[in-house]
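Novice: Sequence:
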Amino acid sequence: MKRKLKTVLILITLSLIAIIVFQTYWSINAYKANKKIVGGKIDAAMQQALDSCKRDYFDSIRVVMVKRLSEETTVIKIDSSSQTQAVSGHQPATFSIGTANTPFIIWISFHGSRSNSGFETDRMKFDYYRSKIKHKATIPEIITEMAFYDPRLMNIIINDLMIYDGMTESGIYMSTHHNTLPNSWIPEHTGIYKMPPNYKQADSLKLSNYLKIVLDKIHINADLKIQLASKPTPPKTDKLFYSETNEYKYQYHGFMFLLTHYTLQNRYSFYARAIFRNLQYVVIRSMLTTLTLSALLILFTIFSFYYIIRIINQQKALGELKDDFINNMTHELKTPIATIAVAIEGLQKYNALNDPEKVQRYLQTSRNELNRLNDLVSRVLDVATFESDKIVLVKEKIEVDKLMNELIAAQKSKADKTVYITYNNKDNIGYIVADKLHFSSVILNILDNAVKYAGQPVNVVICLSGRNGMIEFSIADNGIGIPPAHLNRIFEKFYRVPTGNIHDVKGTGLGLSYVKYIVEAHGGTVAVKSEINKGSEFVVSIPA
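Each residue of the sequence shown is one higher than the one before, starting from 178 at the first, in our numbering.
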């Protein structure tokens with residue numbers, strides 16, 4: 178049995194290890210997959226944040242262009258084949274020129290600029306861009322709207338503004354030739370290209386705010402920092418506590434994005450990257466339900482294996498107890514049978530029938546052994562009965578002193594030792610309500626154990642008292658005592674306290690389990706206190 182149990186334990190341990198390893202492997206791969214998904218969501222969020230910055234950037238350019246085109250120093254003329262009309266920057270575009278396909282030219286000049294630029298359009302296009310503006314639009318607003326869809330027009334306006342700002346504001350002029358004014362020149366950090374000294378920090382803050390808004394919508398809450406670098410930087414290799422997005426080009430400040438000059442356009446461009454600390458907590462939170470179910474599965478498996486092992490151990494212990502019970506019962510049954518057989522043999526072979534005294538002695542011996550045999554059978558039947566919950570208590574009013582005196586006398590009469598039993602009814606209790614047959618068996622079982630496990634002489638003290646609506650029977654002896662390690666098990670069926678190789682006291686291991694069952698059936702409790710070599714005290718309590 179031990180070998181089989183060891184094999185079962187090894188197989189269960191291997192199975193449990195395999196399950197834990199598999200769940201761990203699956204969790205790690207699930208974490209990697211979820212981290213990749215979260216990383217993709219963050220990159221998409223970064224792209225949305227950049228789009229929001231770009232939208233703000235174009236909106237701000239619209240505001241600047243409308244403002245510059247609406248200045249008093251800006252002259253706007255509409256020239257058709259039939260008429261030329263100067264318009265004010267604040268004048269609503271309510272005029273009508275020609276038919277739908279009639280071309281006309283809009284001239285724009287900034288006071289002091291060297292160029293007087295114009296662009297050709299027609300009535301249909303003009304009305305189309307006017308319809309895109311949701312309010313009563315002015316000429317500068319319509320021209321600005323057209324410029325965002327016509328790169329040629331945008332270049333005309335930007336170049337004129339650049340020339341005008343270069344003539345009116347002092348600055349360092351970029352030139353490909355030192356002593357001559359180039360055909361294409363722009364002021365650096367002046368006019369429409371002028372930016373505050375902390376524009377890089379402002380860009381970082383704006384991008385960070387937009388990114389946090391998008392991340393909140395997809396329930397990703399993690400500390401982040403926007404890194405702006407003037408050159409592309411390689412990603413970090415330490416990914417344990419560090420995560421980052423892809424690197425994106427960021428140039429949404431000033432009028433840099435609208436420039437066609439590649440060198441200048443890249444001069445004020447940055448490479449933006451969002452850096453996250455401890456992003457793994459976000460990933461773990463995203464798969465918290467799965468990890469919780471996985472952990473619960475492992476715990477449930479461990480509990481199931483533990484329960485199986487416990488049941489196997491209980492069955493093993495029960496098998497051993499039943500084997501001991503059968504051995505004990507065999508010895509218990511053989512003793513009275515052998516004694517009766519000897520007595521009958523004596524009567525038959527040794528002319529005992531002619532000796533009345535010897536006949537009477539043999540018959541009394543046989544009678545005693547038959548009573549003992551009957552007592553053993555009754556105990557087994559009682560256990561079988563309460564095992565199947567078939568005992569029906571017949572409670573009655575019993576004179577307690579009379580009952581106890583009868584039980585004490587019965588115990589003394591069958592004892593083969595010198596027995597002193599003291600009975601004390603402390604609170605002068607007159608009656609108890611109980612099943613007389615079964616309650617008598619409870620007291621006799623305890624007294625029988627007290628006599629069997631005590632030396633010479635046997636001293637037993639029975640005290641009767643009332644407490645908190647209960648009647649307590651305290652039965653104390655001077656026996657060998659019960660080791661503390663076994664106190665919690667003495668009420669189990671078939672259990673007997675191990676005594677090593679000493680088998681001088683026979684028993685079935687059923688008496689105290691019967692005692693506990695009957696007392697609890699009466700609504701009471703049974704408890705025990707014991708000290709080695711000093712004795713034991715059993716306290717039986719039943720409702721008053």
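Treat the hints loosely; a few may be bogus.
[Stated by the list, open to error] What follows is a set of in silico ranges between Cβ atoms, one per label pair, in the way DEER data are often shown:
hint, residue 1, residue 2, range
1, Thr478, Val610, 44 to 52 Å
2, Val610, Leu495, 33 to 41 Å
3, Ala210, Pro373, 39 to 47 Å
4, Thr250, Ile390, 37 to 45 Å
5, Pro409, Thr478, 28 to 36 Å
6, Lys499, Arg462, 48 to 56 Å
7, Asn551, Lys499, 33 to 41 Å
It should be emphasised that the hints constitute simulated quantities derived from the structure, not laboratory data. Virtual Cβ for every residue (Gly too), placed ideally from N, Cα, C.
Novice: So which of the earlier hints does this model not fit?
Specialist: Structure breaks hints 5, 7.
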